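*Asks:* Chains as they are written, first to last, in my numbering: chain Z, 1 to 283; chain X, 1 to 274; chain B, 1 to 350.
Bear in mind the hints are in silico, worked out from the structure with no lab data behind them. Do not take every clue at face value.
Stated by the list, open to error - Subject to a maximum C-alpha distance of 30 Å in a straight line, what follows is the list of computed DSBU-like cross-link-like pairs (lysine-lysine):
hint	chain 1	residue 1	chain 2	residue 2
1	B	LYS27	X	LYS102
2	B	LYS61	B	LYS136
3	X	LYS4	B	LYS119
4	Z	LYS90	B	LYS231
5	Z	LYS103	Z	LYS90
6	B	LYS110	B	LYS136
7	B	LYS61	B	LYS27
8	B	LYS27	Z	LYS90
9	Z	LYS103	X	LYS4
10	B	LYS119	Z	LYS90
11	B	LYS27	B	LYS174
12	X	LYS4	B	LYS61
13	B	LYS119	B	LYS61
14	B	LYS136	B	LYS119
15	Z	LYS90	X	LYS102
Keep in mind it's a predicted model, so treat the numbers as computed, not measured.
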Amino acid sequence: MRRTLFVLLLLAPGLGLVLAFVSLVLYVAVSQSFGLYNLGGDSVFSLAHWQAMLGERRYWRALQYSAYIAVTASLLAVALAYPVALLLRKPFRGSLTLSALIKAPLLVPGLVAAFLFVNVISYHGIVNQLMLSLGLWDAPVRLQNDKNGYGVILLQVWKQLPFAFLLLSAAVQALPDAVLLAARDLGAGPLDRFRKVVLPLTAGAMQAALVLIFIGAAGDFSFQAVAGPPSVDSLATLMTSVQSTQGDWNGAAVVAVTLMALSLFGSAALAILVRGATRLARG
Amino acid sequence: MSAKILQRLLVAVLVAVMLVWLIVPFAMAILWSMVDPSTAWTYPDLLPPKLSFERWWIMWQTTSLPTAILNSYSLAPIAALLTALLAAPTAFAFGRLDFPGKGLAQILILVPLVMPGFVVAIFFASILLQMGFFARYPAILFGHVILYLPYAVRILSVSFGQVRTDVVNAARDLGASPWQVFRVAYLPVLRPGIFAAFLVVFILSLEEFALAFVVGSPDFTTIPTILYSYLGYNFIRPNAAVVALILVVPNVLLMLGLERLLQSANPASVSGKG
Amino acid sequence: METKGTFVAYLAATDIGMRFDTFEALKGVSFTAERGEFITLLGPSGCGKTTLLNIVAGFLKPTRGALTLDGADLLPIPPERRDSAMCFQSYALFPHLSVRDNIAFGPRQKGLTATEVAKRVNDLLAQMALDAHAGKLPNALSGGQQQRVALARALAVGPGLVLFDEPLSNLDAKLRDQVRTEIRALQRRVGFTALYVTHDQAEALALSDRILLLNNGVIEQEGAPRDIYFKPRTRFVADFIGAANLHAGIAEAGALATPFGPLTGAGVATGAVTICWRPEMARLGPAGVNSLAGIVSSSAFQGAYTDVFVDAAGQTVRLQLPGAAHFAPGEALSFHVPPSAITTVADTAS
């Protein structure tokens, strides 16, 4: 009994504080989406805010857009990080430099990354200049705020690839050499070794990377605000604009709950899908 | 043999691509920050016609940049210190005790990492409004402490786990007081972890945008929010370049320091045993 | 090298050399193995035995030398297509596959039909007494069971040559003896050729048809266990295998001048030699020849025998004497060594 109390006392200032804060924020967000704790009027339980938001086209477009960015960015980042992690499994000349360069974007805050990128692709930026001088393009092309969100995806991949790389290379490096040699000894070539041994044993890390990147990209504000298509909102920019320009806290709460639901279910669905795919690859 | 050459070539290409990937954007940012306000850098000039630090000086003189720097660089160390202090008891429990539900607790502490930053920021602001709490500085400080507790707890629980029970027992056996036990058995092992936790929170607090933007706007500025103000509808490229460099350069230096620290924090060099 | 007429040995390694940067792990090793033979590569750590095994498996390419299996050049063939299977020191079981799937891995890679695979796996599960564990994951098994799965997995591909990399080093002493016996029985029954790496001389003596004793990248001595034990060629061999009394002496016309006075031995060399005899060959009491006397400096009861250290003529001599007798320090002791037990060894391999 005294021991339990001791442990609880230890956990209170750290875990306790975190849980209290997170649950309070969640509680307020969910409540406000149903008209409770109303900041601008009477607090009455109502579905009106959900009905109003669900009736708006830009809400659905934002949801679709955020899901698209999150799925594409997480799959791309993992797909690019995987081969590099495998290549760097064993140290060789230059491998340290290479892995340091891959991890470098971790040092660059998101807003700075967005700014640097916008500079490079701007109408008279270096990419356009280069393409013009090479004669590949006749006139500068508008790359910034492209309507497909490719700029945002590129930024997401640039920023999130190091995470995927760190998680995957930890998993790949934890594979015992002997296990891979055993597979080889028993007749498995490179492709079979990857399918039947490496992939199943690193699927956990791959899922973790997908989930983390998905959640990060789904909730993105900075990249969307700076480099995203002007005609669409991401859920985070929509939420912010609903709250700050319209002063509609309840509408923002609806978007917030949507964003959290997307993070939770979207990333889970993606992880399960990819798990299934690795099962299939194993044969 | 040819496979080896192929691999070398591949690595060389990758390194070259990564360098372009990193160096070109930074070089452009530096150039933009040094465009002299008197002569604009316009198409088709390949380089700015006149380079100077005039822009830096004007920004310092006429914008709220000095206040933003003061805010950011006072928030970061206080947040880091508070976070490390609050994280320590939980980290001790995770690193050195066994109790029912420990696995769950270790997962729950990570929840802030998967919470969308703007959701936390907006509904934290909503709570503050309902409480009638309008002091922005302590509110943002509190928010940073909570958001970065998971990092500090993770780092410190690894450090606590590396403290060797036999050394603790030996110190007790030889009649050391609790404080002496802490000094000889805990502190040498914990020190790199404490520094690492401090630095991680420091860096994250410096570059935190969502909370500072939502809770702080419009009048409370930090370096990231001032950068955002030059990137939004009010886009001023040279100003943004100056702020971006002010934000990223110390960050890179701190991160490199952190990397060193984390390397020296491995158990072999702490306990003197592999 | 063992070419008798047109007959070539099943496995033949000729002048294998291996260099890692500046370190020469193997300095020209040649050996052969006949079909069904149990060969042990024995030596201290760093002697090159594991390197040699990895070369035979195909995981390493030697810097020089030739390797043939069944008359065919082995070096250009990648490990996945060699007719050999390895039992790893760490077992190297696939942690994500059940015992059954671990064993089935090799046969499936070889493209056997599902029924063939099932039959082969079931046979091995039964042989290895693993039936009850077929559905379990490796980490749910004890060390001894994992070891048996590793062996079954290697045998499942029906290899002509099985390579063992210190397979018993992670087992406790009792289990080690039991698995050792099982491996030898299995090898006799199935008839595969075994190349077995160990640093444990007892394992090598008990298992092998022939031992190759490696030291510093060369074979110091090659022979049947009894030859190696009783007729060590060098000081290193005598010392590495079992315990040995080694003393400087001068041989002339069949007689040995030693610090203990003249001795009679089976040595053939002349000139300055090192004489060698095993502690358990000493007998209590004086005899006609090779009688020695000294003072007991210490003794330790070992159960089957008592280890006695005796100071004789300024040298420390070790005796292993059977029976229950006590030997107190300071006690005078006389003993003799039969001439047949005394050999001479070279100081270095040449």
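*Asks:* If a hint holds in the structure, say so; if it doesn't, say that too.
*Replies:* Taking the hints in turn, this is what the structure says about them:
Simply put, LYS27 of chain B and LYS102 of chain X have alpha-carbon atoms about 55 Å apart, too far for the 30 Å limit, and the pair is violated. Taken as a hint, the LYS61 of chain B and LYS136 of chain B pair is broken in the structure, with Cα atoms around 36 Å apart against an allowance of 30 Å. Straight-line distance between C-alpha atoms of LYS4 of chain X and LYS119 of chain B comes to about 42 Å, which puts the hinted pair past the 30 Å bound. Between the alpha carbons of LYS90 of chain Z and LYS231 of chain B the distance comes to roughly 45 Å, so the proposed pair goes past 30 Å and is violated.
Taking the CA atoms of LYS103 of chain Z and LYS90 of chain Z, the gap is near 17 Å; set against the 30 Å cutoff, the hint holds. For the given pair, LYS110 of chain B sits about 24 Å from LYS136 of chain B by alpha-carbon distance, which is consistent with the 30 Å threshold. For the hint pairing LYS61 of chain B with LYS27 of chain B, the CA-to-CA distance comes to about 14 Å; that is within 30 Å, so the pair holds. Among the hinted pairs, LYS27 of chain B with LYS90 of chain Z is consistent with the structure: their alpha-carbon atoms are about 27 Å apart, no more than 30 Å.
Between LYS103 of chain Z and LYS4 of chain X, the direct Cα distance comes to roughly 25 Å. Compliance with the 30 Å bound is thereby established for this hinted pair. Under the criterion of a C-alpha separation no larger than 30 Å, the hint pairing LYS119 of chain B with LYS90 of chain Z is inconsistent with the structure, at around 39 Å. A threshold of 30 Å between alpha carbons decides the hint, and for LYS27 of chain B with LYS174 of chain B the separation of about 37 Å lies outside it, so the pair is violated. Taken as a hint, the LYS4 of chain X and LYS61 of chain B pair is honoured in the structure, with Cα atoms around 14 Å apart against an allowance of 30 Å.
With a C-alpha separation of about 35 Å, the suggested pair LYS119 of chain B and LYS61 of chain B falls outside the 30 Å cut-off, and the hint is violated. Restraint check for LYS136 of chain B and LYS119 of chain B: the C-alpha separation of about 19 Å stays at or below 30 Å, so the hint holds. For the given pair, LYS90 of chain Z sits about 35 Å from LYS102 of chain X by alpha-carbon distance, which is inconsistent with the 30 Å threshold.
Comparing the model with each numbered hint stated earlier shows that hints 1, 2, 3, 4, 10, 11, 13, 15 do not hold.
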